[in-house]
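Please build the complex by placing chain B on the supplied structure of chain A, with the hints as guidance.
2 protein chains.
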Amino acid sequence: MTTTIPRIVVLGAGYAGIMTTKRLLQQFAPEEVEITLVNKHNYHYQTTWLHEVAAGTIDVNRSRIMISDVINTRRVNFVQDIVKKINTDNKQVELENSTLDYDYLVIGLGFEKATFGIPGMEHAFTIQTVDKSRMIRDHIEYQFSRYKTEENPSDDMLTIIVGGAGFTGIEFAGELAERVPLLCKKYDIPRHRVKIINIEAAPTILPGFDLDLIEYAKESLTRRGVDIRTSTMIKEVKKDAIIVGDDKEEIKAGTFVWTGGVQANRIVGEAGFELTKGRVNVDPMLRAPGYDDVFILGDCAWVTNKETGKPYPATAQIAIQEADVCAHNIRTLIFGGTLQEFVYDNKGTVASLGGSEAMGSIFEGHKIYGMQAKIMKHVIDDRYLFMVGGPAFVLKKGKFRPF
Amino acid sequence: MTTTIPRIVVLGAGYAGIMTTKRLLQQFAPEEVEITLVNKHNYHYQTTWLHEVAAGTIDVNRSRIMISDVINTRRVNFVQDIVKKINTDNKQVELENSTLDYDYLVIGLGFEKATFGIPGMEHAFTIQTVDKSRMIRDHIEYQFSRYKTEENPSDDMLTIIVGGAGFTGIEFAGELAERVPLLCKKYDIPRHRVKIINIEAAPTILPGFDLDLIEYAKESLTRRGVDIRTSTMIKEVKKDAIIVGDDKEEIKAGTFVWTGGVQANRIVGEAGFELTKGRVNVDPMLRAPGYDDVFILGDCAWVTNKETGKPYPATAQIAIQEADVCAHNIRTLIFGGTLQEFVYDNKGTVASLGGSEAMGSIFEGHKIYGMQAKIMKHVIDDRYLFMVGGPAFVLKKGKFRPF
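Protein sequences, first through last, are from chains A and B.
Counting in the working numbering, the first sequence runs from 52 upward without gaps.
Counting in the working numbering, the second sequence runs from 52 upward without gaps.
These are computed hints drawn from the structure, not numbers from a lab.
Everything numeric in this text was worked out from a predicted model, so none of it was measured.
Heads up, incomplete: computed chain A residues facing chain B, CB under 10 Å, no partners named:
#1 Phe176
#2 Asp182
#3 Ser196
#4 Tyr238
For every residue, glycine included, the Cβ atom is placed at its ideal position computed from N, Cα and C.
So here's chain A without its partners, still in its complex pose:
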């Protein structure tokens, strides 16, 4: 007779999945549990850097981290495969090439674009994966190249529209403001022919941010040639244009990138978990409602801030903090004790605006701008690299180089 040890399966090696796996390794001795990590690729990527990949300001490989470099694969069973279906009835996960049984399941499968029913959204690019972000960079360059070789090119080919002025939209627009002048030089195209338009349905950019920070970002982007249009609803997306507003104004563009909304990976809804605005409204212990053994983290989860009653934004910082609670709670479920509730410890938020521009708030509302904010942003990025890979990793992949 064989005794079986609890099988923990982690789906997805994003911020939530990779940090949960690392915390589980710390929580358990090798013989106590069997840990399996499933991911489509053999690499983890820094989603928070993908807007830079998409703009072409950093190379793809800067944003990639090999999983075997940061996870002890002698203790973790790493399976490179695609999740097809989660079956909670018999506690199984179907992959493209095999099936896994679990006792505890951690779902960190990330987001896909929320289209809000806008027709034609299949024409939109999204800053979602390494491949899709690189596609944006390549597409923009392709438009510049076509512009230089077509018989009677239209300037519209060079127009780049960013849909959504939330965190990602603003960060991406900021990178474009830096990148476009370089592309203009590379392709011998006058800068004034290229338009960067950022469209937002809300009356302000960066909803939820402090007004001072919003003003700073707006001024910085506008000064560097980003045309920001708030209170503007996108009604339809076409192959080479978008339609906005009640009077259905058509804005032609060679590139349209949608950053306006995310929702949980479709696998989550297909598994039967109830969705709130496209995500799973987890309990304070981060479990799917009605399930003791299924944790849902990161962009798949809707976590309510008890003080405000509003959900937390889906950020890397939150995903990483969720991983701590999730690993602790799995240990508690196996060995007993008290389950932890998730409480967000806001260490500050800094938005990069391209080049040496950034802004944000740290330490309970202390606001920072410009180079100071940029350095803090690098510190935050490097802190994560340190957590995930130790000091050598910060030197290898980090952005802030102390020497």
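Relative to the frame of chain A, chain B by itself:
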């Protein structure tokens, strides 16, 4: 009363135009003639390097030389403009923005693609200008990027067809053989999914080359994954495929590059000069038939080899040698003496096959291969750079670095 000095107008700053301008500066004192050079861009480019730009193995700027860096613009009136029409009746050249009068005209306006009536040739890319060559590089990368982001991508997107296995076709296929493995690595695509197909209507590649050299090139390219198909006629070009042979086989491909034929810039035919297979059959002094004052050089000219009765191929080496004769003959027409006939001095021909591979013949048929040929190729390239810009230029732009 003003005395006028002869006005020499050189159209095009390719190999023929730029070297003719340099030779004219040597032949004449500043007060003897007025020299005007007209070119679409403010740069000259190394047409012989464009296949490398197209494959992505060298950067665009390596192939570009600023005209003001190599031509004394205090002595030469440089006009950056586009030639619209040559009017030999009143000895005028119409540019987009002005009109020039000439006493002696030198036409070095280069080639455009000869399509031989193949339908759909507008879908073909050509290795023709800096912009068009970069378009090929960008297009190929775009196909790789799309392949990684489309729902159900077809491997056909990754197929690259090179039409024509003459000098340019073979050199380009060789560069692709080097470039594709790097692209596969960059985009995480297995090499075997990418096809490079070189199609030639003649029964052999490199028609006119020595059989040993042909065999060497064929083996080198085939070994590195180029599928060479000779005796194969292209019947039609579609947006995503070509049709070949009498049984109309369809070969799907994401990229089709035509290197199979060139003819004179259309301006030449429109000016009324009689064309032989798309080029002007100039007299031995390199003048257009029936004109004492119009010289036609480089890819626009059909120059017959008196010994064989066949035309010389349109190469950089011939264009450069023609420039000497042209400049001498203009001086003779102005100051008297005997006009020179053009005689080709074959200094050897070396074809680069990508990476460290090359082959060719030098010194009356002495054959060289591999690294030796590659070095010789660099020596040839650098010799031109030396002629056009002096020793500093060889260090700045040259390929063969002695230290």
